[in-house]
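Undergrad: Each chain is listed here by its residues.
There are 2 protein chains.
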Amino acid sequence: MNITNKIQPASLKHYLPFLDWLSHYRQEDLFGDLLAGVIVAIMLVPQGMAYALLAGLPPQIGLYASILPAILYGLLGSSRTLAVGPVALTSLLVAATVGPLAPQNSSQYLMLALALALLVGLIQLLMGMLRLGTLVNFISHPVLSGFTSAAALIIAFSQLKYIFGLSMPRLEHLNEISVFIFQHLHGTNPYTLAIGLGSIAVLIFFKNGLPELLARRHMPQSWILPISRSGPLAVVISATLLVWVLGLHEWAAVQVVGKIPAGLPGLTLPSFDLAKLSGLLPSAVTLSLIAFLESISVAKSLGSKRREKVDANQELVALGIANLGAAISGGYPVAGGFARSVVNSSVGARSGLASIITAILIALTLVFLMPLFFFLPQAVLAAIIIIAVVKLIDLATVRQVWRYSKADGLSLLVTFAAVLVVGIEKGILLGVATALALYLWRTSRPHIAMLGRIAESEHYRNVLRHPVETCPQVLSVRVDESLYFANAQYLESSLLAAVAENKQVNKLVLVCSAVNFIDASALETLENLRRELNDAQVAFYLAEIKGPVMDRLQKVGFIEELGQERIFLSTHQAMQALECGE
Amino acid sequence: MNITNKIQPASLKHYLPFLDWLSHYRQEDLFGDLLAGVIVAIMLVPQGMAYALLAGLPPQIGLYASILPAILYGLLGSSRTLAVGPVALTSLLVAATVGPLAPQNSSQYLMLALALALLVGLIQLLMGMLRLGTLVNFISHPVLSGFTSAAALIIAFSQLKYIFGLSMPRLEHLNEISVFIFQHLHGTNPYTLAIGLGSIAVLIFFKNGLPELLARRHMPQSWILPISRSGPLAVVISATLLVWVLGLHEWAAVQVVGKIPAGLPGLTLPSFDLAKLSGLLPSAVTLSLIAFLESISVAKSLGSKRREKVDANQELVALGIANLGAAISGGYPVAGGFARSVVNSSVGARSGLASIITAILIALTLVFLMPLFFFLPQAVLAAIIIIAVVKLIDLATVRQVWRYSKADGLSLLVTFAAVLVVGIEKGILLGVATALALYLWRTSRPHIAMLGRIAESEHYRNVLRHPVETCPQVLSVRVDESLYFANAQYLESSLLAAVAENKQVNKLVLVCSAVNFIDASALETLENLRRELNDAQVAFYLAEIKGPVMDRLQKVGFIEELGQERIFLSTHQAMQALECGE
Numbered sequence: 001m002n003i004t005n006k007i008q009p010a011s012l013k014h015y016l017p018f019l020d021w022l023s024h025y026r027q028e029d030l031f032g033d034l035l036a037g038v039i040v041a042i043m044l045v046p047q048g049m050a051y052a053l054l055a056g057l058p059p060q061i062g063l064y065a066s067i068l069p070a071i072l073y074g075l076l077g078s079s080r081t082l083a084v085g086p087v088a089l090t091s092l093l094v095a096a097t098v099g100p101l102a103p104q105n106s107s108q109y110l111m112l113a114l115a116l117a118l119l120v121g122l123i124q125l126l127m128g129m130l131r132l133g134t135l136v137n138f139i140s141h142p143v144l145s146g147f148t149s150a151a152a153l154i155i156a157f158s159q160l161k162y163i164f165g166l167s168m169p170r171l172e173h174l175n176e177i178s179v180f181i182f183q184h185l186h187g188t189n190p191y192t193l194a195i196g197l198g199s200i201a202v203l204i205f206f207k208n209g210l211p212e213l214l215a216r217r218h219m220p221q222s223w224i225l226p227i228s229r230s231g232p233l234a235v236v237i238s239a240t241l242l243v244w245v246l247g248l249h250e251w252a253a254v255q256v257v258g259k260i261p262a263g264l265p266g267l268t269l270p271s272f273d274l275a276k277l278s279g280l281l282p283s284a285v286t287l288s289l290i291a292f293l294e295s296i297s298v299a300k301s302l303g304s305k306r307r308e309k310v311d312a313n314q315e316l317v318a319l320g321i322a323n324l325g326a327a328i329s330g331g332y333p334v335a336g337g338f339a340r341s342v343v344n345s346s347v348g349a350r351s352g353l354a355s356i357i358t359a360i361l362i363a364l365t366l367v368f369l370m371p372l373f374f375f376l377p378q379a380v381l382a383a384i385i386i387i388a389v390v391k392l393i394d395l396a397t398v399r400q401v402w403r404y405s406k407a408d409g410l411s412l413l414v415t416f417a418a419v420l421v422v423g424i425e426k427g428i429l430l431g432v433a434t435a436l437a438l439y440l441w442r443t444s445r446p447h448i449a450m451l452g453r454i455a456e457s458e459h460y461r462n463v464l465r466h467p468v469e470t471c472p473q474v475l476s477v478r479v480d481e482s483l484y485f486a487n488a489q490y491l492e493s494s495l496l497a498a499v500a501e502n503k504q505v506n507k508l509v510l511v512c513s514a515v516n517f518i519d520a521s522a523l524e525t526l527e528n529l530r531r532e533l534n535d536a537q538v539a540f541y542l543a544e545i546k547g548p549v550m551d552r553l554q555k556v557g558f559i560e561e562l563g564q565e566r567i568f569l570s571t572h573q574a575m576q577a578l579e580c581g582e
Numbered sequence: 001m002n003i004t005n006k007i008q009p010a011s012l013k014h015y016l017p018f019l020d021w022l023s024h025y026r027q028e029d030l031f032g033d034l035l036a037g038v039i040v041a042i043m044l045v046p047q048g049m050a051y052a053l054l055a056g057l058p059p060q061i062g063l064y065a066s067i068l069p070a071i072l073y074g075l076l077g078s079s080r081t082l083a084v085g086p087v088a089l090t091s092l093l094v095a096a097t098v099g100p101l102a103p104q105n106s107s108q109y110l111m112l113a114l115a116l117a118l119l120v121g122l123i124q125l126l127m128g129m130l131r132l133g134t135l136v137n138f139i140s141h142p143v144l145s146g147f148t149s150a151a152a153l154i155i156a157f158s159q160l161k162y163i164f165g166l167s168m169p170r171l172e173h174l175n176e177i178s179v180f181i182f183q184h185l186h187g188t189n190p191y192t193l194a195i196g197l198g199s200i201a202v203l204i205f206f207k208n209g210l211p212e213l214l215a216r217r218h219m220p221q222s223w224i225l226p227i228s229r230s231g232p233l234a235v236v237i238s239a240t241l242l243v244w245v246l247g248l249h250e251w252a253a254v255q256v257v258g259k260i261p262a263g264l265p266g267l268t269l270p271s272f273d274l275a276k277l278s279g280l281l282p283s284a285v286t287l288s289l290i291a292f293l294e295s296i297s298v299a300k301s302l303g304s305k306r307r308e309k310v311d312a313n314q315e316l317v318a319l320g321i322a323n324l325g326a327a328i329s330g331g332y333p334v335a336g337g338f339a340r341s342v343v344n345s346s347v348g349a350r351s352g353l354a355s356i357i358t359a360i361l362i363a364l365t366l367v368f369l370m371p372l373f374f375f376l377p378q379a380v381l382a383a384i385i386i387i388a389v390v391k392l393i394d395l396a397t398v399r400q401v402w403r404y405s406k407a408d409g410l411s412l413l414v415t416f417a418a419v420l421v422v423g424i425e426k427g428i429l430l431g432v433a434t435a436l437a438l439y440l441w442r443t444s445r446p447h448i449a450m451l452g453r454i455a456e457s458e459h460y461r462n463v464l465r466h467p468v469e470t471c472p473q474v475l476s477v478r479v480d481e482s483l484y485f486a487n488a489q490y491l492e493s494s495l496l497a498a499v500a501e502n503k504q505v506n507k508l509v510l511v512c513s514a515v516n517f518i519d520a521s522a523l524e525t526l527e528n529l530r531r532e533l534n535d536a537q538v539a540f541y542l543a544e545i546k547g548p549v550m551d552r553l554q555k556v557g558f559i560e561e562l563g564q565e566r567i568f569l570s571t572h573q574a575m576q577a578l579e580c581g582e
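Heads up: the protein sequence lines correspond to chains C and V, in order.
Numbered continuously in my numbering, the first sequence closes out at residue 582.
Numbered continuously in my numbering, the second sequence closes out at residue 582.
Careful: at least some of the hints might be erroneous.
Label-pair distances were calculated between CB atoms; the ranges are [unchecked claim]:
no.	chain 1	residue 1	chain 2	residue 2	range
1	C	Ile393	V	Leu267	58 to 68 Å
2	V	Tyr15	C	Ile393	47 to 57 Å
3	V	Thr470	C	Asn534	34 to 44 Å
4	C	Gln108	V	Thr188	50 to 60 Å
5	V	Ser178	C	Leu281	27 to 37 Å
6	C	Arg403	V	Leu267	35 to 45 Å
7	C	Gln473	V	Gly547	21 to 31 Å
8	V	Leu464	C	Ala536	30 to 40 Å
9	V	Leu267	C	Leu281	50 to 60 Å
10	V	Glu28	C	Ala500	26 to 36 Å
11	V	Trp441	C	Ile393	49 to 59 Å
12	C	Val285	V	Arg403	34 to 44 Å
13	V	Ser178	C	Pro169	28 to 38 Å
14	V	Ala396	C	Ala500	32 to 42 Å
These are calculated hints, taken from the structure and not from any lab test.
All residues carry an ideal CB built from backbone N, CA and C; glycine is no exception.
Just chain C, with the same shape it has in the complex (with noise of 0.2 Å):
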């Protein structure tokens, strides 16, 4: 049997995934979904903030885009602990595409972020609906991970501005942004600064040292995970009473958040003019992509530690429609969190409830508690936003990739240096042009080995590898790729050397284990390289030719014209045939 992707018969709960753990939902299963709830909005409400500032909007649109998209997510995902809301990378490609079109705080600049939400909404649903998720599998793993690292230090490069208390224009290169800082140190704002770096450290204290101090206190270790997740929350009310307590935002001038209205977003469906839709719309599919690989990683991650099935397309449905969401409650761009996720997953979540939970819980924030982040340091949501994404600056795995593979290593630093120097979504683009080109490039220059046989088997191998026995008259040699155009002139070129350095060879047997299929282009090589061998008084035989490129073969009369008995199942069969066997 032949496995192929086969379409299963649609099923309802398939595409509504709710109805699913609806109707299997046991009252055991609330416990660890009104916790997970409770501790994702706990982390979710200065990290919505934060990177709402980070994707040049005010903070209360990244609690918005918290709370529709979260639901419908909760809904329609396949994964059931996935946290959809605002998160890092799109934050920051949002600034990069809408940043240049309108100025920063304009309602112009909300209204392209709504656009870029509906577009990338429209865009996911489609390529869920066209079952196109595996285009993504385009983008590797080294590609993505220069990507992420890149864009990791840049987000950290354009907080610290706000660590410092500097006002920076928008720039979206690193040395740009290393320059004016450096440039502009002596404006340093010290209690903007202190109150940074202190929020750091407690943050570091929170993540590192904390969940070690609590378990050597004997702390049972599923109180510990949600404790040294809320450092965020305890910065924040810390430092907002500092703030407040010995007014720092007037005779100290530290930035504050200030006034943020207080209320849920309206339902509205965004306006906009068709012309700038289109303009938008490259960079809405580089951002669609992008957040669908980022939530498809994380989803599958936690998927198969709980021994869940995501599938690809129904995850790019829901995250569209969560889009769609966002695009029409005042939100932007949403994708599954990495951290958030994590910690939904671990402290319990069992079903789509605790995201419908976390967002019930944003919603009574944005409505009651507003106020009290008046005097919330925007250093403070700057420092959890560093500290969110230095943890995607991976260099272990650059090292690991290089030592593996030197192209792939390549693409990862053609990547990171691309989203460096020409920006993040020409950069990523690069990155995948130059993995592919290196592919490319790979097939074109095949492996080809000459064989022997292995004594007294029924086996042949590469001479240089293994202790083999061959015959003078016969070459057997096998090419280890399949043959197509870019290889096919290397292959015809690399085969009349050998027979050329090899002069009492008569008879040359291509293997064909490795050959997966064979194009026109090879063909037609194929068809010159018998004539050339013919000419040189060597005949060309064949052997171990796969079904499917035998049937095209056939069918094109390559096998009748070269003879029926010049092909062999096995190259063994061959060189008996060829009295090479004894």
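Following the hints, position chain V against chain C.
TA: Chain V alone, transformed into the frame defined by chain C:
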């Protein structure tokens, strides 16, 4: 011994091929070279003028481009019979590139054509020195075939205006040309039309009827070819006489070539500004590749008939220098032409001297015979072009390629349609991109076969294609493709689905005989797969891993992690060890 492209010890004769043929030159070679030189010159005079008109240049430019380039190629080319000069495809590309930038027949137009020749020369020379000749292999045969057919169609249509005696503005797209001609049919000049159609009829007769006629009269074969190829000369002479005698250019307004400046071109270094040069660069790259591709195909096909080794990189160098020669002697981009090269080879050219003799004859024509061409009707040149290009429209290849492989057929048709619809340069780029995308798509969904044992042998084959034995607990699966980022996920989900469908299976052997490398992304997927299979109580084994692949897996500790006992040299050994062999 592995076969690699060894760098040959550089010999002077390799880089200056004329040293080789000059040192072995025998008196009897001279006759062949002389005859070939004369006959090619007879073909080249009308063709050169016609192709220059096609390129939008005055007719003498085509002759200028036939002197110095032909001499330089004759000295430096590794093919001894390739006839280098103006050809249809590059002329069309020159028109398409320069046409939108300058008014036809302006000195600026000529300057840009010279600049293009300079750039093409530099690019080809550089590519040859960097040994990048293999790059053209990325243009597949179907793409080239689709491009050539579409270009030929455009060329033929663009000449219709001369046949009908209409004055048409520069139009690049087929539909525009057809509409224009249809709308202006009432303005047809009947005398011009008669001359044009008459010329076409004569040319067809020379090509198709005459050889048979002469053969029936027992004329020796070596005479027939040159005679049948002098059709262009015959129509040129008779039409010129006709116009002159009847004064058709006056009272009947038949458009004639008119006064052509006599004498040789001066040697000058073309002057340009850098901004314009860099604007021409993308077109120059395309032009360089197309010109090289046409030349190398012709040279190789002639070379294989004559047991002559053609070196791609030396060809690039020689063509590059020929194009530089065109740039400094008032010509325009050149390439090796198909028809003239075939004649050159068939009537007996032995060395580059034939090309040099052709060049001298063209030079003499320029000095002494130019006034004779005053009365030559443009419709005759158009007829020569049309007859030369219609044979390039190759429907047989379309049918054959489509039958062999739908993907190849698709890339042919896409290229054909794209060249007609979006233009010549973008069309071929789109075609190349389509072919690469189809290749990537194909490798991203590899053929996966379940294997069984062919009774009493050590061979394991696809259960669907061969009568084989299998055993229920062990699933042996062969994946027919290297594992890389684009197909790793597909493999993972296919194998997990196969295991899920076959509940008794508790061992899975992945047969890697067709896996030529495993990239970093696929390695990560294999690690996930092993974990996931383990969770499903299925043990994961590998068989027939190739040497280079094994080396890498060992280097990163994958083999150690999996366990050496999980790796088998052959499928048979695996099946026996897993007690499935007997």
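Undergrad: The structure should be examined with respect to each hint, and the outcome stated for every one.
TA: Against the structure, the hints come out as follows:
With their beta carbons about 60 Å apart, C/Ile393 and V/Leu267 fall inside the hinted range of 58 to 68 Å. In this structure the supplied range 47 to 57 Å holds for V/Tyr15 paired with C/Ile393, their Cβ-Cβ distance being about 50 Å. Between V/Thr470 and C/Asn534 the CB atoms are about 41 Å apart, so this pair conforms to the stated range of 34 to 44 Å. A beta carbon spacing of about 59 Å between C/Gln108 and V/Thr188 agrees with the range 50 to 60 Å that was offered as a hint.
A beta carbon spacing of about 34 Å between V/Ser178 and C/Leu281 agrees with the range 27 to 37 Å that was offered as a hint. The given range of 35 to 45 Å is broken by C/Arg403 and V/Leu267, whose C-beta atoms sit roughly 57 Å from each other. Distance hint check for C/Gln473 and V/Gly547: the Cβ-Cβ separation is about 25 Å, which falls inside the suggested range of 21 to 31 Å. Between V/Leu464 and C/Ala536 the Cβ separation comes to about 39 Å, which falls inside the hinted range of 30 to 40 Å.
At roughly 52 Å, the beta carbons of V/Leu267 and C/Leu281 sit within the given window of 50 to 60 Å. The beta-carbon spacing between V/Glu28 and C/Ala500, approximately 28 Å, falls within the hinted interval of 26 to 36 Å. Checked against the given bound of 49 to 59 Å, the beta carbons of V/Trp441 and C/Ile393, roughly 33 Å apart, lie outside it. Look at C/Val285 against V/Arg403: about 36 Å separates their beta carbons, and that is inside 34 to 44 Å.
The hinted range of 28 to 38 Å is not satisfied by V/Ser178 and C/Pro169, whose Cβ atoms lie roughly 55 Å apart. Checked against the hint of 32 to 42 Å, the C-beta distance between V/Ala396 and C/Ala500 comes to roughly 34 Å, which is consistent with it.
The structure is inconsistent with the numbered hints 6, 11 and 13, although it conforms to all the rest.
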